[in-house]
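Q: Given next are the chains, with one letter for each unit.
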Amino acid sequence: MADTMIQFQDVSRMYHPDIVGVTNVNLRIRPGEFVSIVGQSGTGKTTLVKLLIAEERPDRGRIEIGGWDVTRIKGKDIPLLRRQMGVVFQDFKLLPQKTIYENVAFALEVSGASMKRIRTVVPQVLKIVGLEEKAQRYPVQLSGGEKQRAAIARALVHRPKIFVADEPTGNLDSINTREIIDLLVKINQFGTTVLLVTHNREVVNTLRRRVVTLDAGQVVSDQEVGKYLL
Amino acid sequence: MFISFFRVIKASLQDFVRNFWLSVVTTSILALALISVNILLVLNILAGVALDAVSQRISVSVYLKPTAGEEVVAAMKSSLLAQPSVMEVTVTSADEALRKLQERHPDNEAIQNAVSELGKNPLGPSLAVKARSTNDYPAILASLEHPSYAPYIQEKNFDDHRDLIARIRRISEKVERTAISVSALFAIISLLIVWNSIRITIYTHREEIGIMRLVGASAWFIRMPYIIEALLYSLLGTLIAAAVIFPLSGAVGPSIRNFFDGTQFDLLGFFEREGWRIFGIEFLVAAALTTITSGIAVGRYLKR
Ligand SMILES: Nc1ncnc2c1ncn2[C@@H]1O[C@H](COP(=O)(O)OP(=O)(O)OP(=O)(O)O)[C@@H](O)[C@H]1O
Ligand SMILES: [Mg+2]
Chain A
1 MADTMIQFQD VSRMYHPDIV GVTNVNLRIR PGEFVSIVGQ SGTGKTTLVK LLIAEERPDR
61 GRIEIGGWDV TRIKGKDIPL LRRQMGVVFQ DFKLLPQKTI YENVAFALEV SGASMKRIRT
121 VVPQVLKIVG LEEKAQRYPV QLSGGEKQRA AIARALVHRP KIFVADEPTG NLDSINTREI
181 IDLLVKINQF GTTVLLVTHN REVVNTLRRR VVTLDAGQVV SDQEVGKYLL
Chain B
231 MFISFFRVIK ASLQDFVRNF WLSVVTTSIL ALALISVNIL LVLNILAGVA LDAVSQRISV
291 SVYLKPTAGE EVVAAMKSSL LAQPSVMEVT VTSADEALRK LQERHPDNEA IQNAVSELGK
351 NPLGPSLAVK ARSTNDYPAI LASLEHPSYA PYIQEKNFDD HRDLIARIRR ISEKVERTAI
411 SVSALFAIIS LLIVWNSIRI TIYTHREEIG IMRLVGASAW FIRMPYIIEA LLYSLLGTLI
471 AAAVIFPLSG AVGPSIRNFF DGTQFDLLGF FEREGWRIFG IEFLVAAALT TITSGIAVGR
531 YLKR
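From first to last, the protein sequence lines stand for chains A and B.
For what it's worth, our numbering labels the leading residue of the first sequence as 1, then goes sequentially.
For what it's worth, our numbering labels the leading residue of the second sequence as 231, then goes sequentially.
None of these hints come from the bench; they were simulated from the model.
No experiment lies behind these values; they were computed from the predicted model shown.
For every residue, glycine included, the Cβ atom is placed at its ideal position computed from N, Cα and C.
Each hint can be trusted.
Simulated DEER-style distance windows between Cβ atoms: (1) D18/A to I418/B: 40 to 46 Å; (2) A216/A to L422/B: 42 to 48 Å; (3) D91/A to I418/B: 36 to 42 Å.
Required output: the full structure, derived from the provided sequences and hints.
A: Given below as structure tokens:
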């Protein structure tokens, strides 16, 4: 279907016969949507993200991304899938011995981009996140919010159709949180589908976008203009 | 593609330098393994040289009675040469034998007098027979029992070095067996160390690898640096081994020549001639084994 970006059909992932990752998840996300995924700790939010980027495989069900069935994706196709998606996590995952510029460039280098492309794209994405002035600094020389912005810049280098943020503000204070969320909204306004996993009630409530609530691995509520329920 | 290749090479060189001591240990072990393989190879060759040297000295001397005329000598010589196992037959005529005897003892009056008193040559002609293989002597000696020759034979003298030869053969077989097992042991140790080094290198890069996977680096891009690193270990190990073996063979070559006095074997010359091939093969084997090891180590890590 043309107006479906992400589709989960009866997806289950058990880590163990008695450890539920997610069960029976049905979810359809349209292109350009901004979806928040909320739920208590250990309810399967990160598992959902891992299934999406093919780091975990579902035991049952079917996952489609942009019409591409990635349920049983081949190992060699995973890099192609990941270049369609930008992903950031709570812990930034920046390389400490590289500058911000080098960290962002690294994502392009390892996928075989030309020097020319790297020289054009890296300043562009650094500008989007407002770090062009601090490109030559090392991660330790940045604040938490700046580090997360650097991670977002890196996630943008492949111009992803889908942007996934797993608790991107988990380590940040409210001002930095606000900045990061504004940035995600800006990315969404470019037309990118955004998935935001968060614990932050205020963020969800002020966003006034679709909210999917998970509990014990199941989707327990899915509201078009959601509130943080729990 | 080219730019990626360049980046991979750069990454592996960086790893090599960053984990400097790990690289030093790994390379040294590989070099040590290759050096011992080469030393064992030399020992094996020397055992062969020793066997040759001893075999060269073996011959059977057949002393004939003075009654044996030239035609008898010629017939014996051609019948011996007709046997495929006979390599060489040297004839010493009676006159020659006498002359040699006199030359050897110019001051011994008893000999000189005895010869002149007899008025004729008391010595007979002789034949020195060399076989192709030491195992052939019994058959050759037996062939001389033929009734047409036997009456003329005064004495057969076979310096039997067969015990010595058998002993050298046993030693050389033992050397060969030891060489194979020691080399195998060294190969296993080296591979374990390479395996471990690659694991450690991967471990120190686990963050980087995680990020590479996250941003969509292809598998070969993640794998290649470790495989190239293994190649680098093998290349440096081989070069170091060669750098040790060449001067070493230059240094011990003369003593080997003294030991087997007179042998033409030239150790340094041997490595100068065959070194390319020997070290080339050793490099290829080391490279194949280490890259496979490295590939498996990375594969196991990436499969999670
Ligand atoms: N690799 C794993 N092996 C076994 N169990 C796992 C693994 N990863 C997660 N789990 C379990 O699966 C369940 C869901 O985990 P998940 O990480 O998806 O939760 P989450 O909603 O992201 O939690 P949080 O809000 O704390 O990040 C938890 O019970 C967790 O313990
Ligand atoms: Mg989580």
